[in-house]
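Novice: When the letters of the sequence shown are read in order and numbered with the UniProt record's numbering, they come out as residues 1 to 528.
Hints in this document: simulated from the structure, not taken from any laboratory. Warning: the hint list may mix true and false statements.
Said to hold, decoys possible - 20 angstroms max Cα-Cα, derived EDC-like pairs, lysine to aspartate or glutamate:
{"hint": "1", "residue 1": "Lys484", "residue 2": "Asp378"}
{"hint": "2", "residue 1": "Lys297", "residue 2": "Asp255"}
{"hint": "3", "residue 1": "Lys237", "residue 2": "Glu264"}
{"hint": "4", "residue 1": "Lys484", "residue 2": "Glu509"}
{"hint": "5", "residue 1": "Lys245", "residue 2": "Asp219"}
{"hint": "6", "residue 1": "Lys435", "residue 2": "Asp449"}
{"hint": "7", "residue 1": "Lys245", "residue 2": "Glu480"}
{"hint": "8", "residue 1": "Lys297", "residue 2": "Asp368"}
{"hint": "9", "residue 1": "Lys237", "residue 2": "Asp298"}
{"hint": "10", "residue 1": "Lys329", "residue 2": "Asp255"}
{"hint": "11", "residue 1": "Lys292", "residue 2": "Glu246"}
{"hint": "12", "residue 1": "Lys435", "residue 2": "Asp364"}
{"hint": "13", "residue 1": "Lys273", "residue 2": "Asp298"}
{"hint": "14", "residue 1": "Lys502", "residue 2": "Glu480"}
{"hint": "15", "residue 1": "Lys435", "residue 2": "Glu203"}
{"hint": "16", "residue 1": "Lys156", "residue 2": "Asp144"}
{"hint": "17", "residue 1": "Lys484", "residue 2": "Asp364"}
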Amino acid sequence: MGFLERTAWKLFNTPGRDPFVDKSPKLLATPSMTLISKFSLPSNEPSRSSSASSFSSSSSFWTSPAPSRWPRYLPSSVRNTVSKRQIAVVVCLLLALLIWVIPQPHTWRRRVIHITVQQQVANPYQVLRPISEAIPTKRKHAPDPMHWLEQNSNNKHAENTGLGLLKSVPSFGHHSAKPRAALISLVRNSELPGLMQSMRQLEFQWNRKYNYPWIFFNDEAFSDEFKAATQNLTSAKCYYEVVPKEHWSLPDWIDEGRFMNSLEYLGAIGVGKGWMISYRHMCRWNSGFFYKHPRLKDFDWYWRVEPDVHFFCDIDYDVFRFMRDNNMKYGFNMNILDDARSFPSLWSRTRSFINAHPELIHPDADLDWLLDSHNSGDYNNCQFFSNFEIGDLNFFRGEANERYFDWLDRGGGFYYERFGDAPIHTLSVAMFVPKSEIWFFRDIGYQHDINRHCPPQSSHRCSCDPTPVDENFYRLVPLESPQKKPDDTCIRQFLGGHWLDKKDAWSQEVERAFGGDGYQGYVAGGLG
Numbered sequence: 001m002g003f004l005e006r007t008a009w010k011l012f013n014t015p016g017r018d019p020f021v022d023k024s025p026k027l028l029a030t031p032s033m034t035l036i037s038k039f040s041l042p043s044n045e046p047s048r049s050s051s052a053s054s055f056s057s058s059s060s061f062w063t064s065p066a067p068s069r070w071p072r073y074l075p076s077s078v079r080n081t082v083s084k085r086q087i088a089v090v091v092c093l094l095l096a097l098l099i100w101v102i103p104q105p106h107t108w109r110r111r112v113i114h115i116t117v118q119q120q121v122a123n124p125y126q127v128l129r130p131i132s133e134a135i136p137t138k139r140k141h142a143p144d145p146m147h148w149l150e151q152n153s154n155n156k157h158a159e160n161t162g163l164g165l166l167k168s169v170p171s172f173g174h175h176s177a178k179p180r181a182a183l184i185s186l187v188r189n190s191e192l193p194g195l196m197q198s199m200r201q202l203e204f205q206w207n208r209k210y211n212y213p214w215i216f217f218n219d220e221a222f223s224d225e226f227k228a229a230t231q232n233l234t235s236a237k238c239y240y241e242v243v244p245k246e247h248w249s250l251p252d253w254i255d256e257g258r259f260m261n262s263l264e265y266l267g268a269i270g271v272g273k274g275w276m277i278s279y280r281h282m283c284r285w286n287s288g289f290f291y292k293h294p295r296l297k298d299f300d301w302y303w304r305v306e307p308d309v310h311f312f313c314d315i316d317y318d319v320f321r322f323m324r325d326n327n328m329k330y331g332f333n334m335n336i337l338d339d340a341r342s343f344p345s346l347w348s349r350t351r352s353f354i355n356a357h358p359e360l361i362h363p364d365a366d367l368d369w370l371l372d373s374h375n376s377g378d379y380n381n382c383q384f385f386s387n388f389e390i391g392d393l394n395f396f397r398g399e400a401n402e403r404y405f406d407w408l409d410r411g412g413g414f415y416y417e418r419f420g421d422a423p424i425h426t427l428s429v430a431m432f433v434p435k436s437e438i439w440f441f442r443d444i445g446y447q448h449d450i451n452r453h454c455p456p457q458s459s460h461r462c463s464c465d466p467t468p469v470d471e472n473f474y475r476l477v478p479l480e481s482p483q484k485k486p487d488d489t490c491i492r493q494f495l496g497g498h499w500l501d502k503k504d505a506w507s508q509e510v511e512r513a514f515g516g517d518g519y520q521g522y523v524a525g526g527l528g
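Work out the full structure: start from the sequences and follow the hints.
Specialist: This is the structure in structure tokens:
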């Protein structure tokens, strides 16, 4: 018998008892094929039944100590006590560890392991940059937002590595200092679960790297549970503020009877939240009071965050630095229609304000994209979806915006109708800010209820499917609303230029006659 055969015989036929068979005999009542069956034995050796061979080999494999021919440099205690079973267990554990460590092509795995945009595409902002038309300016040294993004992305100004480790950020001059900015949220104690969902995602995608403070507002005191839960989700400082009573109550110039009739009427015809008193207070506060709160007096910038929203994309630059360094006043990422029945007198009151105070209108203001050319130049009801907005607090504190808000507030539109903060912010920004200082954050994936926005060609950094630029356009308008759709989608009217070019021989009327929405004839695709 050769050397290999003798070795195999010794390894697999040493007498012993199998601990698994002893403890649970039913599991191995019919032994399966063992390693001994893979070896052919010479015919001159004593034959054994297959059952006996299997039992003996299994027993010897799991219980026998290490072979006597272990290398001599191993300690004798190891040579005498380490069994094959222990070796097999260690090998299996090592293999399992290797399998877990090797990166898998799974979306959430990719989100944990940070992959920079530069690793995926040669020129990331060629396809991922926010969309904005090149708007002429009279300034000699106008900011270049695209150049800024190319120079300041890859978390250049991050304070945190994302692993809980702070890194030093050099500060040289005014534009290198960290902006005085905060994340703000108007939220009730009962909305804690929804707010925690929003915080988790925004912290993971962005704020864990930049550590901007959170400021929470409520019309009543926050509970200890709310404070503990929210502070536990961020390493940034949190503030908990109560809205002043005079900013969350019926003004003394409002006729209460007329107000109650408005609640009943708007609720009866199906205007969203038209019957809710608290919703009227909220719209009024978000329109003209949030920036007056004492807690915000030391801040210049804000990012509004609602409960129950989603942030889908890794944001690899300081959004507030971007706004400040490029002289932006307002940022959005959805431009939509809303139910015109909620603010029927808004445009007539706005025109009256323009006629009364023409000196307040910015010389480079662009209102054309908000006017319906087929309806006597009336407001087309396009508006920035304000539950995602990033803005300059000093703009809202300015004389023009303050006087416009006061004009509308004194007219009673928040209570006799249901003026919303979205159209009011939109009209204010359009009148008092040049379009070159308004930014479309196309690169930030976001969802609020049924409205969803996801940038194109971003699968390596976003956990959402890309949406067309026109997505959500009229999704908030109920079927029973008499709201007329404008000639072009709101975002294309804002962007202008080639975004409005139509295909040859395409007709909006014909498309609608065949059941289409009338917005499928653009040359520039919605995922551009």
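Novice: Each hint: holds or not?
Specialist: Taking the hints in turn, this is what the structure says about them:
The suggested pairing of lysine 484 with aspartate 378 holds, with an alpha-carbon distance near 11 angstroms, which does not exceed 20 angstroms. The hinted pair formed by lysine 297 and aspartate 255 fails the criterion: a straight-line CA distance of about 33 angstroms is larger than 20 angstroms. The hinted pair formed by lysine 237 and glutamate 264 fails the criterion: a straight-line CA distance of about 42 angstroms is larger than 20 angstroms. With a C-alpha separation of about 14 angstroms, the suggested pair lysine 484 and glutamate 509 falls inside the 20 angstroms cut-off, and the hint holds.
At roughly 8 angstroms between alpha-carbon atoms, lysine 245 and aspartate 219 fall within 20 angstroms of each other, so this suggested pair holds. Distance hint between lysine 435 and aspartate 449 is unfulfilled; the C-alpha atoms sit about 28 angstroms from each other, more than 20 angstroms. With a CA separation close to 36 angstroms, the supplied pair lysine 245 and glutamate 480 exceeds the 20 angstroms bound. For the suggested pair lysine 297 and aspartate 368, the alpha carbons sit about 34 angstroms apart, so the restraint of at most 20 angstroms is broken.
Pair hint lysine 237 plus aspartate 298 holds up; C-alpha atoms about 14 angstroms apart against a cutoff of 20 angstroms. Note on lysine 329 and aspartate 255: the hinted pairing is violated, with a Cα-Cα distance of about 36 angstroms set against a maximum of 20 angstroms. Distance check on the hinted pair: lysine 292 and glutamate 246 sit about 12 angstroms apart at the alpha-carbon level, within 20 angstroms; holds. This hinted pair checks out: lysine 435 and aspartate 364 have alpha carbons roughly 8 angstroms apart, not beyond 20 angstroms.
Restraint check for lysine 273 and aspartate 298: not satisfied, since their Cα atoms lie roughly 34 angstroms apart, outside the 20 angstroms limit. Proposed proximity of lysine 502 and glutamate 480 is contradicted: the alpha carbons are some 30 angstroms apart, above 20 angstroms. With a CA separation close to 30 angstroms, the supplied pair lysine 435 and glutamate 203 exceeds the 20 angstroms bound. Between the alpha carbons of lysine 156 and aspartate 144 the distance comes to roughly 18 angstroms, so the proposed pair stays at or under 20 angstroms and holds.
Using a Cα cut-off of 20 angstroms, the hinted pair lysine 484 and aspartate 364 is violated, with the two alpha carbons roughly 28 angstroms apart.
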